[in-house]
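So the sequence shown is numbered by my numbering: it starts at 43 and just counts up by one.
Hint data in this document are derived by calculation from the structure and do not stem from the laboratory.
Do not rely on the hints blindly, as some may be mistaken.
What the hints assert, rightly or not - No more than 20 Å apart at the CA atoms, straight line, and that leaves these computed lysine to any residue pairs for SDA-like: (1) LYS44 - GLN96; (2) LYS97 - ARG340; (3) LYS44 - LEU104; (4) LYS218 - PRO183; (5) LYS44 - PHE164; (6) LYS44 - LEU345; (7) LYS44 - ARG69; (8) LYS310 - ARG81; (9) LYS44 - GLU101; (10) LYS97 - GLY298; (11) LYS97 - ASP115; (12) LYS310 - GLU101; (13) LYS276 - ARG117; (14) LYS310 - LYS276; (15) LYS224 - GLY240; (16) LYS310 - PRO62; (17) LYS276 - ALA228; (18) LYS310 - ASP329; (19) LYS133 - GLU101; (20) LYS97 - PRO62; (21) LYS133 - LEU104; (22) LYS44 - HIS84; (23) LYS133 - ASP115; (24) LYS44 - ASP141; (25) LYS310 - TYR261; (26) LYS224 - GLY251; (27) LYS276 - LEU290; (28) LYS133 - GLY82; (29) LYS310 - ARG69; (30) LYS310 - THR327; (31) LYS44 - THR109; (32) LYS44 - SER99.
All values derive from a computational prediction rather than experimental measurement.
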Amino acid sequence: MKLTTAARGVYVIAATPFNPDGSLDLRGAQSMLDFYLERGAHGLTLLGMMGEQQKLSPEESLRFVETCARHVDGRIPIIVGAATPWIDNLKAFAQSVMDAGASALMFAPMTGLRSDDQITGFVERVCNALHDVPLVLQDYPQTTDVILSPALINRLIDRFTGIVMFKHEDQPGLAKLTTIRKHQAAGGRRVSILVGNGAIHYVQELARGADGAMTGFSYPEMMVDVFRLWEAGKHDEAEDLYDIYLPLMRHELQPGQGLAIRKYILAKRGAFQSDHVRMPGPSLTADDSAEIDHLIRRLEYRLTTTNLRKL
43 MKLTTAARGV YVIAATPFNP DGSLDLRGAQ SMLDFYLERG AHGLTLLGMM
93 GEQQKLSPEE SLRFVETCAR HVDGRIPIIV GAATPWIDNL KAFAQSVMDA
143 GASALMFAPM TGLRSDDQIT GFVERVCNAL HDVPLVLQDY PQTTDVILSP
193 ALINRLIDRF TGIVMFKHED QPGLAKLTTI RKHQAAGGRR VSILVGNGAI
243 HYVQELARGA DGAMTGFSYP EMMVDVFRLW EAGKHDEAED LYDIYLPLMR
293 HELQPGQGLA IRKYILAKRG AFQSDHVRMP GPSLTADDSA EIDHLIRRLE
343 YRLTTTNLRK L
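Can you build the whole structure from these sequences, using the hints too?
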């Protein structure tokens, strides 16, 4: 299935499981996908920045996508992150992953672009090269160092119909999200908007018009339940549930260490066996693990004592 502008819900950014020796764990990938599907994920994102895409060879990347697409078997859409900004390589990569069963390709303006004209030119070249591929435009200046103003984003979305989703990750970004939605409500072209940044402002972003989230938080069922409650108009209940997970969510967002924390929790929860992070990458100490275990115990205690688990 191809991704459309109507996409909504929680698109989980999948981790990339490795064996303790650093080799790609494809059996663990299948187990991880079952973990996400059982918890209600509406879609998946493979080879995102959380997915250690830069540490995989092109052959490993394609093998991982093929394995995941075959296992998911069309049950939910799969977005694949672009590993290269170079147009010819990007075109070949996109063709390979779409043939493997992907639903869309996510890309961001390449580092070094400064002016609106430069950014527009790059996006135009991508859209022309991938004219038959649904595209997700990612706005993540904390990593790309490329600034997309709301006015530029609106122009890009209006002009390039290959863009079916906008991945919103700028910070602070709530006013930006409102500006984009107001433009679309006034007649601009509407696309799906999913939010990232570990969903640290998830509820506020839903209130501002987001269609859901794209994040790899280690408790995806919470993300799904909050979205369900919000869609049902139970906004206070959604926020109450979300608040319980905030300490752990904040802990996962530590720069430089968040991926190791997230993989530790996912392994602890049975998504896959090894929490190995490919080098260069962070590793956890015994103190780090003890802190995470404490946060999980606190989370379970609060879910039980507040009865929010049954919402």
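A quick look at each hint next to the structure:
no.	hint	verdict
1	LYS44 - GLN96	25 Å, violated
2	LYS97 - ARG340	34 Å, violated
3	LYS44 - LEU104	18 Å, holds
4	LYS218 - PRO183	13 Å, holds
5	LYS44 - PHE164	23 Å, violated
6	LYS44 - LEU345	37 Å, violated
7	LYS44 - ARG69	26 Å, violated
8	LYS310 - ARG81	16 Å, holds
9	LYS44 - GLU101	23 Å, violated
10	LYS97 - GLY298	15 Å, holds
11	LYS97 - ASP115	26 Å, violated
12	LYS310 - GLU101	29 Å, violated
13	LYS276 - ARG117	27 Å, violated
14	LYS310 - LYS276	31 Å, violated
15	LYS224 - GLY240	24 Å, violated
16	LYS310 - PRO62	15 Å, holds
17	LYS276 - ALA228	27 Å, violated
18	LYS310 - ASP329	16 Å, holds
19	LYS133 - GLU101	16 Å, holds
20	LYS97 - PRO62	15 Å, holds
21	LYS133 - LEU104	14 Å, holds
22	LYS44 - HIS84	14 Å, holds
23	LYS133 - ASP115	24 Å, violated
24	LYS44 - ASP141	12 Å, holds
25	LYS310 - TYR261	12 Å, holds
26	LYS224 - GLY251	9 Å, holds
27	LYS276 - LEU290	23 Å, violated
28	LYS133 - GLY82	32 Å, violated
29	LYS310 - ARG69	17 Å, holds
30	LYS310 - THR327	15 Å, holds
31	LYS44 - THR109	18 Å, holds
32	LYS44 - SER99	26 Å, violated
The structure shown violates the earlier hints numbered 1, 2, 5, 6, 7, 9, 11, 12, 13, 14, 15, 17, 23, 27, 28, 32.
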